[in-house]
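S.K.: So you can see what is in the structure, the chains are spelled out below.
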Amino acid sequence: MDVQLKRGFIEICVLAAMLRGPTYGYRLIKDVEPYMEISESTLYPILKRLESEGSVSVQSAEHNGRLRKYYTITPTGRGRIDEFLRGWQDIMKIYRFIEREASHV
Amino acid sequence: MSKKEFLKKLKKALSALPAAERERTLAYYDELIEDRKESGATEESAVYAMGEPQSIAAEILADANERGVELKKHTPFGRAALILLIGFLCGALIWFGTNVIADLVRGGADSGEWEKVEKNIELGSISTINMDMTTVDLVITGSDSEMIRLVYFTNDALVEYNFESSEDTVTLTQRKKRILFDFFSQRNKRSASLFVPEGFTGTIIAKTTTGDLILENVASASALHLSTTTGDLTIHDAKSKYALFGVTTGDMRVSECVFPGDMTASGSTGDVMIKGVRSVKMSVKTTTGDMILEDVQLSTLDAELTTGGINANRVAAEKVTLRASTGDVKFDGLDAKSIDISVSTGDVLGTLAGSAEDYTFETHTSTGRNNLPENFGSGERKLKVSASTGDINISFD
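Residue numbers (the numbering used here), protein chains in the order written: chain A, 1 to 105; chain B, 106 to 502.
I should point out that these hints are in silico values taken from the structure, not numbers from a laboratory. Glycine included, every Cβ here is placed at the ideal spot set by N, Cα and C. Errors might be hidden in some of the hints.
Claimed, not checked - Computed footprint of chain B on chain A; a stretch qualifies when at least three of its residues, placed anywhere within it, have a C-beta under 8 Å from a C-beta of chain B: (1) 35 to 43; (2) 55 to 67.
As the list claims (entries may be wrong) - Just the calculated beta-carbon pair ranges, DEER-fashion: (3) Glu171/B to Gly54/A: 17 to 25 Å; (4) Thr335/B to Ser39/A: 29 to 37 Å; (5) Glu53/A to Ala461/B: 50 to 58 Å; (6) Gly145/B to Met36/A: 19 to 27 Å.
As the list claims (entries may be wrong) - To list a few chain A residues with every Cβ distance to chain B over 12 Å, as calculated: (7) Phe9; (8) Cys13; (9) Ala16; (10) Thr74; (11) Ile81; (12) Asp82; (13) Glu83; (14) Arg86; (15) Gln89; (16) Met92; (17) Lys93.
Just need the whole structure built from these sequences, with the hints factored in.
M.R.: Written as structure tokens, this is what we have:
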């Protein structure tokens, strides 16, 4: 998949994986992995970006005697998902156009 | 590769990153390795799954660089702020004198030139190093040089420093310039560094307001007095007779330290984590944050907090006092001659060293469940537990 496209998708996927409630890095990877290729190193800058744009808030909480960061989606983040979903019709239109043109050749 | 090796390599490869960001990155990888281990992976394979430290670092640095570029690209915001600023300045011109305006213009519109300042001070009879920072991050590290070295960045428009050195005291004070809006100074924060020679046996007093404070690898001081307001405080690999640490809303992390005298740590809303510390008397108090104590060896431990939980793993001391109001007190392998735990709405859960015969019990809960006898035994160790509405569930290892 195209790098730019992938980057956009993966951010939304990470946000979507937070919709069920606060979650942490390792679980995010496990939840997104079946749908998109993601690793610890790709997740890190994404979380950072999401945090700095205010889509995600971060709290440290104790887990098994160590600190773990928990990520919670904010209304801004929720807005990004809604925006993505709203844009879906347009994406489908483009997809159908490309598919149709490609099938002529 | 072990986790320790991995983090060490990563840290080295990330040396170009600002210290606070570097620590955050290391904490992230530390957490994810631990999580993989927890789900059944060996340390070796958990570390392997992260990839090579060098290539991870390269990506992170590239991303940081890119973010810098992105920041500069944010002209719509920058311009809007500038227009607002100029608009405000025009209004302000009527009210203030031109001197004030000149300051504001300098602070906002032109973020000024950075100038690196280095001070090398002969150790001589210096007994106190005083670092008083407001907005910048401060990094204190040990060095094998024989001089006390200070490195900081001044900027006519954003930050000013005042350096003073007398026979026995070195003082560096940082103040933010009078700026109407803070967008620029936050973006352009540059950390100050203090390098402490191995032979320094005096007191380090360091304070930051919004900046983070990191002290690392300082081995011979007689007292460390470190505090932050909203910034995080990180202390790693330090040895000092006395230690006094304070944070208000920031987190505190103290690891791999030896304080042969007392260590006192206080926090307000941040979390406190103390790991691998040896001292004689330790007192830790916080209001709403969580407290983690791990691999701690002491003579006396006094830990108190109001709404968070206390987690004490592998704590060994003569006398241990743990007090929490609404949080739980949990422990694993707590080893002490005299233990006094009291909570009000939380539970008391954990394992103690030795067997039940070693203890004299004095336990009580008003409405919770208690798995221990209330007044019983004649063992050498004393265990006093009082929970108001919470449960008591303690076993022996």
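S.K.: So, for every hint listed, does it hold in this structure?
M.R.: To see whether the hints hold, each was checked on the structure:
1. 35 to 43: holds (count 3)
2. 55 to 67: holds (count 7)
3. Glu171/B to Gly54/A: 17 to 25 Å: holds (19 Å)
4. Thr335/B to Ser39/A: 29 to 37 Å: holds (33 Å)
5. Glu53/A to Ala461/B: 50 to 58 Å: holds (55 Å)
6. Gly145/B to Met36/A: 19 to 27 Å: holds (24 Å)
7. Phe9: holds (18 Å)
8. Cys13: About 18 Å separates Cys13/A from the closest Cβ of chain B, which puts it past 12 Å; holds.
9. Ala16: holds (20 Å)
10. Thr74: holds (19 Å)
11. Ile81: About 22 Å separates Ile81/A from the closest Cβ of chain B, which puts it past 12 Å; holds.
12. Asp82: holds (23 Å)
13. Glu83: Non-interface label on Glu83/A holds, nearest chain B Cβ at 19 Å vs cutoff 12 Å.
14. Arg86: holds (23 Å)
15. Gln89: holds (28 Å)
16. Met92: Given that every Cβ of chain B is farther than 12 Å from that of Met92/A, nearest at about 30 Å, it holds.
17. Lys93: Label holds. Min Cβ-Cβ 29 Å, cutoff 12 Å.
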